[in-house]
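Trainee: Chain by chain, the residues run as shown.
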Amino acid sequence: MFASVKRKLKPLPQRAAEMLARLKSVRGMTDGEKSVHALGLAATPEERWQLTRNHLRLFNCSPRSKRKA
Amino acid sequence: MLAGMSAANLQGVLASTVDVDVWIGLPARQYVRVINLCRKLNATVQSRNKVYLSDQTPVDFIYEIHGLQTFEKECARAGRLAFHGLKIPVLSLKQICQSKEAIGRDKDKLHVLLIRQVLKLDKAEKKTRRKRK
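Chains as they are written, first to last, in the numbering used here: chain A, 144 to 212; chain B, 28 to 160.
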């Protein structure tokens with residue numbers, strides 16, 4: 144029953160933008176740094192995992208890319 | 028229990044890490060029990076501390092972490108995160124920071140900086156949200 148009333152999440156970019164707006168007043172970090180961290184904080188654990196795996200794939204060191212012998 | 032930068036990733040620190048570090052609550056001499064379990068899961072065993080899962084994910088097994096207390100004590104302090112349909116114990120960002128400060132490698136110094144930034148922003152964000160309510 145409770146599973147069906149689960150709150151629907153907004154898309155990640157929207158959540159990240161809202162998070163960044165809440166972090167605007169924090170001192171000691173550039174907007175670029177805050178923007179990256181806002182994305183990380185706004186994401187769910189599953190999304191965070193996927194973001195990191197996607198990043199690794201960019202450098203061809205994804206766990207799914209073929210290992211060298 | 029999930030440790031290292033993979034644990035930090037799941038808590039919002041977007042820093043790259045290739046290995047998944049798992050802290051095992053067993054004495055290191057009992058590594059065979061872990062390795063046998065990995066073999067059952069069709070993992071490729073590289074050494075007593077490192078395996079590659081069937082999807083090629085590298086997993087490191089750690090039996091002791093510098094700068095932290097015993098597994099039992101730290102596990103009690105650790106958070107539980109919903110991940111892949113399971114609730115898994117994950118070292119908190121503060122615990123990860125503590126262990127990385129104790130090791131003090133160059134890459135750890137960068138990771139500590141990133142973790143501290145996230146802790147600071149997380150605290151500020153919670154404060155802002157409370158004010159709005």
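No lab work stands behind these hints, which were simulated from the structure alone.
All of these numbers come straight from a predicted model, not from anything done at the bench.
Keep in mind that a hint or two might mislead.
Stated by the list, open to error - DSS-like, lysine-lysine: derived pairs with alpha carbons at most 27 Å apart:
1. A:K153 / B:K100
2. A:K151 / B:K136
3. A:K177 / B:K160
4. B:K114 / A:K167
5. B:K150 / B:K114
6. B:K134 / A:K153
7. B:K77 / A:K177
8. B:K100 / A:K177
9. A:K151 / B:K121
10. B:K136 / A:K153
11. A:K177 / B:K67
Trainee: Please go over all the hints and tell whether each is borne out by the structure.
Mentor: Going down the list of hints, with the structure as the test:
| no. | hint | result |
| --- | --- | --- |
| 1 | A:K153 / B:K100 | violated (37 Å) |
| 2 | A:K151 / B:K136 | violated (38 Å) |
| 3 | A:K177 / B:K160 | holds (23 Å) |
| 4 | B:K114 / A:K167 | violated (33 Å) |
| 5 | B:K150 / B:K114 | holds (24 Å) |
| 6 | B:K134 / A:K153 | violated (34 Å) |
| 7 | B:K77 / A:K177 | violated (35 Å) |
| 8 | B:K100 / A:K177 | violated (33 Å) |
| 9 | A:K151 / B:K121 | violated (30 Å) |
| 10 | B:K136 / A:K153 | violated (34 Å) |
| 11 | A:K177 / B:K67 | violated (43 Å) |
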